[in-house]
Every structure is written in C-alpha cells, then in structure tokens.
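These protein sequence lines map, in sequence, to chains A and B. So that you can map any letter, position 268 of the first sequence is 268 in my numbering, and since no number is skipped, the others follow by simple counting. For any residue, its number in my numbering is found by taking its place in the second sequence, counting from 1, and adding 564.
In short, the hints are calculated from the structure, not lab data. Mixed in with the good hints there might be a few duds.
To be verified - What the simulated footprint calls covered on chain B by chain A, stretch by stretch (three residues with Cβ under 8 Å from a Cβ of chain A suffice, anywhere in the stretch; the number is not a length):
#	segment
1	642–650
2	683–691
3	762–775
4	787–796
What the hints assert, rightly or not - In silico SDA-like links for lysine to any residue, alpha-carbon gap of 20 Å or less:
#	chain 1	residue 1	chain 2	residue 2
5	A	Lys539	B	Ala649
6	A	Lys354	B	Arg642
7	A	Lys539	B	Arg655
8	B	Lys837	B	Ile731
9	A	Lys509	B	Ala649
10	A	Lys539	B	Pro651
11	A	Lys430	A	Phe353
12	B	Lys647	A	Glu352
13	A	Lys290	B	Ala652
For every residue, glycine included, the Cβ atom is placed at its ideal position computed from N, Cα and C.
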Amino acid sequence: MAATDRALAVPEITAHSVDPQSRGWVSWVTTTDHKRIGILYLVTTFAFFILGGVEALLMRVQLGTPDNTFLTPSTYNALFTLHGTTMIFLFVVPIMAGFGNYFLPLMIGARDMAFPKLNALSYWLLLFGGIVFYASLFFSPPEAGWTSYAPLSLEAYSESGGIDAWIFLIHLTGISSLIGAVNFYATIANMRAPGMGWGRLPLFVWTLLVYAILLILALPVIAGAVTLLLTDRHFGTGFFDQGQGGDPLLWQHLFWFFGHPEVYIMILPGFGIISEVLPVFARKPIFGYKAIAAATVVIAFLALLVWAHHMFTTPSATIVLVFFMISSFLIAIPTGVKIFNWVATLWRGTVEFKTPLIFSVGFISVFLIGGITGVFLAVFPVDWQLHDTYFVVAHLHYVLVGGSVFAIFAGIYYWFPKMTGRMLSESIGKWSFAFMYIGINVTFLIQHSIGLEGMPRRVYEYPDVGNLALYNLISTIGSFMLAFGVGLTVYAVIRALRNGVKAGPDPWKANTLEWFVPSPPPVNNFDVIPRVRSVEPMKDIRRQVARQSEPAADLSPVAAGTRD
Amino acid sequence: MTPAAPRTRRRVFALTLLAALTAALVLAAGASADLLTPESGGGSVNAENVDTLYKLVLAVAVVVFVGVEGVLLYSLIRFRARKDAVPAQIRGNTRLEIGWTLGAAGILVILAIVTFVMLDDIRNPPNSDADGFPTQRIANVENATAYQPRPPNGRALNIEVNGQRYIWRYTYPDADDNVLNNVFNYETLVVPTKTTITLTIKAQDVVHSWWIPDLGGKADAVPGHTNFTWFKVQRPGSFRGQCAELCGRNHADMVATVVAVEPAEFKSWLASKKREIDANNKAAQQRREEESEELREGANPRGSGNAETAEGE
Numbered sequence: 001m002a003a004t005d006r007a008l009a010v011p012e013i014t015a016h017s018v019d020p021q022s023r024g025w026v027s028w029v030t031t032t033d034h035k036r037i038g039i040l041y042l043v044t045t046f047a048f049f050i051l052g053g054v055e056a057l058l059m060r061v062q063l064g065t066p067d068n069t070f071l072t073p074s075t076y077n078a079l080f081t082l083h084g085t086t087m088i089f090l091f092v093v094p095i096m097a098g099f100g101n102y103f104l105p106l107m108i109g110a111r112d113m114a115f116p117k118l119n120a121l122s123y124w125l126l127l128f129g130g131i132v133f134y135a136s137l138f139f140s141p142p143e144a145g146w147t148s149y150a151p152l153s154l155e156a157y158s159e160s161g162g163i164d165a166w167i168f169l170i171h172l173t174g175i176s177s178l179i180g181a182v183n184f185y186a187t188i189a190n191m192r193a194p195g196m197g198w199g200r201l202p203l204f205v206w207t208l209l210v211y212a213i214l215l216i217l218a219l220p221v222i223a224g225a226v227t228l229l230l231t232d233r234h235f236g237t238g239f240f241d242q243g244q245g246g247d248p249l250l251w252q253h254l255f256w257f258f259g260h261p262e263v264y265i266m267i268l269p270g271f272g273i274i275s276e277v278l279p280v281f282a283r284k285p286i287f288g289y290k291a292i293a294a295a296t297v298v299i300a301f302l303a304l305l306v307w308a309h310h311m312f313t314t315p316s317a318t319i320v321l322v323f324f325m326i327s328s329f330l331i332a333i334p335t336g337v338k339i340f341n342w343v344a345t346l347w348r349g350t351v352e353f354k355t356p357l358i359f360s361v362g363f364i365s366v367f368l369i370g371g372i373t374g375v376f377l378a379v380f381p382v383d384w385q386l387h388d389t390y391f392v393v394a395h396l397h398y399v400l401v402g403g404s405v406f407a408i409f410a411g412i413y414y415w416f417p418k419m420t421g422r423m424l425s426e427s428i429g430k431w432s433f434a435f436m437y438i439g440i441n442v443t444f445l446i447q448h449s450i451g452l453e454g455m456p457r458r459v460y461e462y463p464d465v466g467n468l469a470l471y472n473l474i475s476t477i478g479s480f481m482l483a484f485g486v487g488l489t490v491y492a493v494i495r496a497l498r499n500g501v502k503a504g505p506d507p508w509k510a511n512t513l514e515w516f517v518p519s520p521p522p523v524n525n526f527d528v529i530p531r532v533r534s535v536e537p538m539k540d541i542r543r544q545v546a547r548q549s550e551p552a553a554d555l556s557p558v559a560a561g562t563r564d
Numbered sequence: 565m566t567p568a569a570p571r572t573r574r575r576v577f578a579l580t581l582l583a584a585l586t587a588a589l590v591l592a593a594g595a596s597a598d599l600l601t602p603e604s605g606g607g608s609v610n611a612e613n614v615d616t617l618y619k620l621v622l623a624v625a626v627v628v629f630v631g632v633e634g635v636l637l638y639s640l641i642r643f644r645a646r647k648d649a650v651p652a653q654i655r656g657n658t659r660l661e662i663g664w665t666l667g668a669a670g671i672l673v674i675l676a677i678v679t680f681v682m683l684d685d686i687r688n689p690p691n692s693d694a695d696g697f698p699t700q701r702i703a704n705v706e707n708a709t710a711y712q713p714r715p716p717n718g719r720a721l722n723i724e725v726n727g728q729r730y731i732w733r734y735t736y737p738d739a740d741d742n743v744l745n746n747v748f749n750y751e752t753l754v755v756p757t758k759t760t761i762t763l764t765i766k767a768q769d770v771v772h773s774w775w776i777p778d779l780g781g782k783a784d785a786v787p788g789h790t791n792f793t794w795f796k797v798q799r800p801g802s803f804r805g806q807c808a809e810l811c812g813r814n815h816a817d818m819v820a821t822v823v824a825v826e827p828a829e830f831k832s833w834l835a836s837k838k839r840e841i842d843a844n845n846k847a848a849q850q851r852r853e854e855e856s857e858e859l860r861e862g863a864n865p866r867g868s869g870n871a872e873t874a875e876g877e
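So that you can see chain A by itself, here it is in the shape it has in the complex (with noise of 0.2 Å):
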C-alpha cells in the first residue's frame, strides 16, 4: 500500500535536495552521466551545424553569380565535401543520439543509460572522429564529396590525405553511433518503468530503438566499404579499380546500402519528436499510436531494400531498376501514413501555437514536398533527368533541413526548459521560425528548377544561360535568411541562459516521464519511479495529483469527460 502511494507521487512530493553537482571542466570530461553526455552531444554537434553551415554559404557566395572566381575548384570541392559529411555525420546523426541521451532515460524512467561508461566512450569517439577530419584542414581536406566513390577517391585520382581523414571519421564516429546504439537497445530493452510495456513505450522511444537497429544493421557495412578503401589506397589491394579485376560499382553498392538507411537514421528520430511534440499542444493523444509505431519499424525495414535507388543511371539490368522503383515507392506509403497521422492529430484538438508546436507544424508542411519529390526520383526513368541535378540537391535538403533540422529544432524549444530548468523566448523562437522556414522555401524551392534547367551538383560554376544566374541568386539570398533564422535560436539560447524565465518541472502540461522530475533533473533522475499505466503518464499523474486535492464530488463530471 505504501509502495502504491509513492508510485502515485506527484512532482512536488520527488523535489529534493542533494548535494550540488561539481561543476569544474574536469567533471564534464570525466562525466559518466547520461544528461551530462547529452549536452556535450548537444553543443559539439550544433558547433558542427554552425561550421557545416558556414561551409555552404561560402558555396552559396561562390554560386550567387555565374562564372564566379571568389572560391577555386579545389576549394569549392573540398567544401561541399566538409559541408555533407559534416552535417550527415557529425551533426544530424549525433545530435539525434544527443537527444536521445539526454531524454530516453528520462522518458522510460530510467536512472542512467544501461553502460554509462561506454557512453562516454561514444561521445569522445565522436568528437576525436570530427578532430580527425577537420585536422585536414591544415594539409588537404578531402575533394571526392561526401560519397567518395571510388575510383575518384582512389590514391591515383586523391593523392592527399584528405581522403584518408574523411575514413577515419567514418570509423571513429561509425564505432561511436554502433556503441550509442548499443546502448540505446540494451537500456530500451531492459531499463523501462514497472508497467511501461511496448504498446506504452513514448514514440521517440519507439523511433530511437529503430534508429539503434538501424545504425546496428548499416554501420557494419560502411566500415568494410572504407576499410577495402584504405587498403586499395595504401596496400594495392585494388578492391574498387577496374584495372586490378575491382569494380567502382562494389564501391557504390556497398555505400549506399549503408547510405540510404542513414537517410532514415537521421530522419526516423526527428518523426519521434514531432510525434511527442503535437499531441502535447494539440491536447489531444497522438492519432493511431500503433500505426505510426509500426510504419517506424516496417520503415526501417524497406530502408534497407531500396540502396540502389542511387545507381539508377550505371549501367543496370531493367529488373533491377523496376524493383527499386517499386521498394522505393513502398516506403512512400508508411511515411505518407505517419504525416496523415500527424495531421489527424492536430484535427479537431486546440492548438496552442507555441514554438516547438510551430517548427513541427512546419516540418510537416516542408517534409512533404521533400517526401513528394523523392517519389519522383524514384520513378526511374524520370530519375534518369533529375538524377545529380540540383532537383537532387533540393530533394534532399528538404527531407534534411526542412525535416530533420526543424524537428530538431522543435526538440530545442520543447525541451530546453527541461534540460536548463529556464524557457526560451516565445517571441525570438518565432523569429527564427520565421526567417528559417521563408530561407528554406526560398534556398531550395527554386533549386528544383535549376537542377530542371540542367545544372549538375558538385559544379563550383555555371554559365550565364536560360535563368541559372537569377535562381542561383535567389537561393543564395534565401540561405542567408536561413543562417540569420538559425543564428536568432542561437541568440535566445545565450540569452536564456543568463535570465530566461524559471520553467518549473512541468510548463508544457506535456505526457511523458521527463516532465515529472525537476528541471533540470537531479543526477539519479527519479527518487521514485512512477507506474506507467497509459502512454500518456504524465497526464495520469496530474489527473491523480487533481482528484487527491479536490473534493471527491467535484470530480465526476471533469473525469466523465477526460475519460480515454
């Protein structure tokens, strides 16, 4: 009966006091805590979006008029190369194991990841991964972008060593996301509250445990792929060289078998974070939970047959390009049914417009037309147009930017207040939105029709015909209004953390685990581990928390109509 009682607890009951956390640089480095973890993820990996970010807008420079002489070849070649695997693998993934670090504990009610230590492991292995790479920097930084393929990359055609740094990020921070997934399984699997079953599980719980298999199941094959790289570069082992009985199609193949599931690696969480996020304001539970987790999983799985979709235009037989227009256009279907879903969920609700609700709001309305485009390209004979334009580039970044980084984005704003105890700035948040989603309409909208007009990617200039120089200019105009959107977040999270308002365990009125603790949380997370009964927790909590402090006859008709 006890024991019942403090399951039942409420937020003000767990509120404690121990001693402070040490705070000297020291402890960060030697931290084994999984929230102290998460923010080093956090900030490395934003830094690295900041750096990524300038990257492209030097591109954007390089590309506002034809003919332009600001950036040389090699430069230009180098930078886009920094530019994609920079945001690919040491932004988007880790931010994404960033967030889950911080918040999976937390939201199963867990009091640390299953292997604190190797946690650590991970966050270290990644950032010496990007210190490796960006070292080239000071001798010669990669050229062959961020697919290397092969012979391009080979020691014939990139003598320097950028090629060699680009591998080991692959191999450093490859070990650091097959660890952080690991561990993801193993704490999922094991460490959930009493009562939190499967079906009870919050959606970005459910998008992680897909995002660790996935990483467990595509990182292995990327690490031999540039490993047979290495060797062919320094022991003549000639894997990928036509000339020594390789082939430079094994080098593609091999890529992106990894390469498309890290697509979904990079976006499956960013759907669990809308997933947690509209039906919190919307005041209304998330419309069909176990479809939404189930086109997670089947998602996942045609992730993995649908590589070559990137090979259309090699030489292929006809029933090779058939099968992967069919994959292809399978997957579109639990995707389209994840964003029917979101919709469904904000349908007859009350939307309270806040700033993590909007940037989901406009993930989905940018997602789209990113999701919309990829059915084009997978119609093969119409890829055999788009493929390697700026169509391409477009694509792309609407599925990255206007996806993944707008779902990131509505993480910050949604758990910034857990995670520092102090809110962001509704109106600088609105801001932001603002100039981030007019930049990403403007950027790559119009990169459709410039890839349509017939420029390749990966052309560090272009000549003066048809309307290339008006729409080059015109998405580089929008991607400053972009950086200038991103830099405002960055403002207001600087500006938060001097004097932002006090946030309180609970200001979003949100469902699951991490808001029944204080903000931020004490080191053990959870005095008392509640008893999940619904998938909604925390809105049992406060139901219980109303009917123990009001007068039992005062209750029936607010219960009868809250009622599941």
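Following the hints, put chain B in place on chain A, whose structure we already have.
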C-alpha cells in the same frame, strides 16, 4: 453542440477541397512553364517521353500536396486553441487509417502502371527514317553488363562515347575492324538527323555521366563497364550538356555539345574529318620517321661523347 456546427465544418471542408482542386488544375496548366518541367523542346523523342512522364507525376504530386497542405492549414486555423474549446480525445480510427494507407498505395500503383506503359518508348529506340544516314547492324559489345536497347530492325549509327578527365571522346564506326583508323572527335558530337544514334558509353579513368538534357536521361560512364543510351534528332540543331558525375576539380568544365546536321552534310563532315585525321596520321608518321632518323644520326655524337667521357676518366 448545435447541429449547425458540423454543417459549417463540412461546408468549409468542401470549400477547401474545391480550392485545392482549382489550385491543382491551375498549377498543372502552369506546369508546362520552364519553372517546373525539364527542358525538352526540339530534342529527342525519349526526352520528350520522360518529360511527359514527369508531368504526369507532377500532376499527381500537386493534388497530393495541395490536399495535405490544405487539410493541415485548415486544422491549424479551425482548431486553434480558443476559450471553451475542448479537444476531442480521439486515439485513432482504424477504418480511416486503413483507408488512407490503401489510398496512398493506390496512387503509387497508378504511377507504376503509367511508368511501365511509357517505359518501352523511353528505353527502346525506333528505326531510323528512310531518308536518314545509312546505318549498320549493331554489333555485340564486349563486357556488356546491361542490355543494349536496339531499334526493331537492329540497325543504328552506333558511336562510342568515352569519358576522360575532363573531356568526352567520340569514336565513329567504319567498315573495317581496325578501331585505330576510325574517325573520332572531342567535345562536339556531330550526328545526322532522322537517324537513330545509339551510344556505347565507357570511361577511361573515373566515373563520369553522359547527359544532354534535351536528348534523354543520364548514362553513367563507369570504368570497366559499358553503358548505353540513344537519341534520334529530327531537325538540325545544337544541344548542350555536361558531365553529371563528380570527376575531379574541373568537373564543371567537362562539357559536351551534340550538333545535329542533315545526313548529307554529316556524310561530308565525316569524310572531311577522315581526310583530316589521315593527313595528320601521315604527318605524324613522317615526323616519327624523321625523328628516328635524327636519332640514328644523333647516335654517333652521343656515342663519341660517351667515349670522350670514358677517355676523360
């Protein structure tokens, strides 16, 4: 709730839907504008078919886009938080969810069928016109990993395209088996009109991608592999394109131009090119002979020089 509320809601929904459809139709009409469709005028029939397929996909896409964005916008406005508004605690609707899953699948089935119907004309070339340039039966290509599409009568002007950093080389067929004396050209590919041109595409060093937007889609040039594409130009004209797969620092400057001329003009161009190459070959042969003679003559001084050094030591 009064009975009026659902009716208003339905009316607003109907209006939204109507607006969505109108917008879709307007956009579909505007789709022929440059902004939304690949350039395709005056090119080859396969490029035009891809363009048609693209427009069909675009029409479907616009309907889906306007529909989803419309409902999203509507629910944001209609269901924004207001005083006394109570959110409906709905957790799902199995029939609705199965419905939209099947709906999405249905759209994709239609797209797949349309693609299959149009594929034949995009992938397989037609015969040359009767007044085109005389063509040969296409020989089997060695190391071919992909099926080479052929016209029904099996005859076409088959040109080998070779991607090299950072230029395209074209080798024209001739009557004999010796490929060393064939007509070749760089960068500009001169072809006859009204004639089916098939290309066998190879690469010398790294991966390149052959692409002339007006004349059909890309075909990657992969070292160790042979790729294929084709086009058939009806009217004389010039079509530009460039390498579409990153091949190194000057990738942006690896351009290609296809110049289509009347078959008779092509015949004389081919002949003059042949003469030019033969003359150059002959001149080169002469130079080589002269050089080797010089070498033979020069052997003495060098030999004596060596001897002198030897004596010096």
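For each hint, the structure was consulted:
1. 642–650: Check passed, 6 qualifying residues.
2. 683–691: holds (count 3)
3. 762–775: holds (count 5)
4. 787–796: holds (count 6)
5. A:Lys539 / B:Ala649: holds, 19 Å
6. A:Lys354 / B:Arg642: Within the cut-off at roughly 17 Å; holds.
7. A:Lys539 / B:Arg655: holds, 14 Å
8. B:Lys837 / B:Ile731: At roughly 19 Å apart (the allowed maximum being 20 Å), Ile731 of chain B and Lys837 of chain B satisfy the hint.
9. A:Lys509 / B:Ala649: holds, 17 Å
10. A:Lys539 / B:Pro651: holds, 14 Å
11. A:Lys430 / A:Phe353: holds, 10 Å
12. B:Lys647 / A:Glu352: holds, 12 Å
13. A:Lys290 / B:Ala652: holds, 19 Å
Violated hints are absent here; each numbered hint is respected by the structure.
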